[in-house]
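Engineer: One-letter residues, chain by chain:
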Amino acid sequence: MPATAPTFVRREMLPERPPPPLEAGAVRWMRENLFSGWVNTLLTVASLYVVWWILAHVSPWLGNAVWNAGSLSECREILDGVSGACFAVIRDRWHQLLFGFYPPEHYWRPVLALVLLLVALAPVLFSELPRRLLWFSAAYPFVGYFLLWGGSAWLPLLAAAGFGVGYLAWRLTAPGAPLAATVAAFVAPVLWWLFAAPPLLGELRDAVPLGIDFVRSDSIGGFLLSMIIGISAISLSLPLGILLALGRQSDMLFLRSVCIGFIEFIRGVPLITLLFTASLLLNYFLPPGTSFDLVLRVVIMATLFAGAYIAEVVRGGLAALPRGQYEAADALGLDYWKAQRLIIMPQALKISIPGIVNTFIGLFKDTTLVVFIGLLDPVGLSNSIRADTDWNGIYWELFIFIGALFFIFCFSISRYSMYLERKLQKGH
Amino acid sequence: MKKTAFLGALAAAGLAAGVASAQTLEEVQERGELNCGVNTGLAGFAAPDANGVWQGFDVAVCRAVAAAVLDDPQAINFVPLTGQTRFSALASGEIDMLARNTTWTFTRDADLGFTFVGINYYDGQGFMIRRDYGIGSALELDGATVCIQTGTTTELNLADFFRSNNMEYEPVPIETNAEAQQQYLAGACDVYTTDSSGLAATRASFETPEDHVILPEIISKEPLGPVVREGDEEWGDIVRWTLNALIAAEELGVTSANIAELAEGTDRPEVNRLLGTEGNFGEVLGLDSDWAVRAIAANGNYGEIFASTIGEQTPIGLSRGLNAQWTQGGLMYAPPFR
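Line by line, the protein sequences are chains A and B.
The numbering of the first sequence is the numbering used here, which starts it at 716 and goes up by one.
The numbering of the second sequence is the numbering used here, which starts it at 142 and goes up by one.
Hints are supplied without guarantee of correctness; some may be wrong.
As the list claims (entries may be wrong) - Part of the chain A face toward chain B, derived, beta carbon under 10 Å:
no. : residue
1   : Gly815
2   : Tyr817
3   : Arg931
4   : Ser934
5   : Leu1090
6   : Gly1095
7   : Gly1108
As the list claims (entries may be wrong) - Covered, in the sense of this in silico footprint (three residues per stretch, anywhere, with C-beta under 8 Å from a C-beta of chain B), are these stretches of chain A:
no. : region
8   : 781–795
9   : 949–959
Derived by calculation from the structure, the hints in this document are not laboratory data.
Glycine included, every Cβ here is placed at the ideal spot set by N, Cα and C.
Can you build the whole structure from these sequences, using the hints too?
Structural biologist: Pasting the structure below:
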């Protein structure tokens, strides 16, 4: 080894130098992403101009917003010729946009129903939570109905008891004949609801008057109505859609034809037509004087509509499963329902999540179509509010508020579905 | 062919519903509530206020009927109806009466199986235009772009008017009145046409109403009135004479302020017959003798209702015009209470 290394060899590391200014930080990012060529430069400049233009027009309007005024003309007096939003209308009517004509002294009921809904949904949506909470989820439809409509507590209790009757009938007959048990499990509750429950309801109502003030369906409106229609249709259409999808794949000719016919008919008809049928045509065919709740009719129609779409989405998931999965289930000796529950559906539904969520979000936004049959959902109420002489002439403020409400709801659904997809991602 | 059979079945079913509910009065009294069909929202005519209480010119007719029949002007279940749902709601018995700015036409009366019991507002289609165009007559509108609500009689009237005057126009189809206001203000159309009451309400909502004029021409007749089902004449009479009582009360000088005093009995026989101190008119209708007193006391007489909902003192600012009493040069003319 020579004592002195050749001079062309560097002995110490050079200190790190910062990258040249054009290759670092914001400048580099902008050069690479915004100005990487003359086309992109042009597009960037044009986009910046559009953004600036929109902001320049909208922000003073939002910035000058008036929140305290009794009418549009008062708003205009305060603004004194300057352009500005008049959000005073929201301050004046927010309760109507949220609850419709629900009696104000009972507002705690829909609010409590919403809180309990979140509690009931939590164990369904997040599998980390204790499974026992699912019992509450199962009871929620009855609790929710009781809170929103009120009346005698015996009605939801007796309706819920029908399921208990069905279970009891199944348990009693199951050891002997499995087929008879299935039939009994369906027939017994129907008999209970038709014959046993109504007289019992009268008796119990007289003996132990238990309940809260009844609120009729036409007092329900605004976002509450959208939520009721949306949530019920969403939660009912998923099981219906799964059954329809299975029916469509079935080997039984009759069942398959019925399912195909139903799906194709519903998909071939616009939702608005179904809603008109619910509100207009049914009146002619029902005996006069029967008042079959309009909200209930709309929920049924929306459920059938979404069910048909879900069925096709789920069928897509079923078709995407390799044939081997079905054969493997058969090879394990599982019967049809066990195979579906343990092997097929978990995989098929996982594949279908984006499609299902898409349908749900679409359905939720479609609830605004009820405005055409005279139900006062937020969009319908915006029309009524505008018809008040105080607020006649107001336009964007109401739509911004309604749009924000819908965005919050739909955006949370879509975030949840992304979470679910990530969680179920097993990777291959 | 199939369509005809279907419509026939519908009509038959509707008829069956109509016949079956021929006892509307008893049904309403038993229910303790009047089901009244109103507009989902039309400025001045029907709209819920901040407390959810319905207010307006058409609503007042419902209140008067409820007061006459049920002794409570608040005992009403308002059913908001759109232009498409209003007639089937009435035909199917979902509502007892319709007070939703509905134009009385031949087909609606004769063909659809309804009875128009009277006219509570004489409307007509007009035009609104910016003042700075300097146009003073609808006959100068050749070549204009016109905002028009689709699927209404106004659309047909507009086409007729322009054709018969050999003029061209370009329609801008819009769905609702609110949309029309936005389009018109944004300059998407030169002219906005709809019922003149609607034009007045729209103009009143503008920031600078004085920049817009409503042209003097009225190109159609739109007599608006309450409607009931055909086949229950007793109920039709009640609604008809409740409306007439409101109109007659104005003519006879009976107001909500002096009605209590006049109901004690006066020396004017027609007032006495109207207010039930003479004759048995209430009994004839199937009501008690104070029916008209309650109907008038609910919101005042026709003139008072007009003034408080759509009259010149309100933001809508409609003048009486054709809707003045016949003694004042208008068309409001209640048949005699005799």
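Engineer: All hints are to be evaluated individually against the structure, with a verdict given for each.
Structural biologist: Here is what the structure says about each hint:
Because the beta carbon of Gly815 of chain A sits about 8 Å from the nearest beta carbon in chain B, less than 10 Å, this interface hint is met. Restraint check, Tyr817 of chain A versus chain B: the minimum CB separation of about 8 Å is within 10 Å; hint holds. Because the beta carbon of Arg931 of chain A sits about 8 Å from the nearest beta carbon in chain B, less than 10 Å, this interface hint is met. Interface restraint check: Ser934 of chain A against chain B, minimum CB-CB distance 8 Å, threshold 10 Å, status holds.
Because the smallest distance between the Cβ of Leu1090 of chain A and any Cβ of chain B comes to about 8 Å, under 10 Å, the interface hint for this residue holds. Interface restraint check: Gly1095 of chain A against chain B, minimum CB-CB distance 6 Å, threshold 10 Å, status holds. Evaluation of the Gly1108 of chain A hint against chain B yields a held restraint, the C-beta minimum of about 3 Å falling below 10 Å. Using a Cβ-Cβ cut-off of 8 Å, 3 residues of the region 781–795 of chain A lie near chain B, which meets the minimum of three, so the contact claim holds.
Using a Cβ-Cβ cut-off of 8 Å, 0 residues of the region 949–959 of chain A lie near chain B, which falls short of the minimum of three, so the contact claim is violated.
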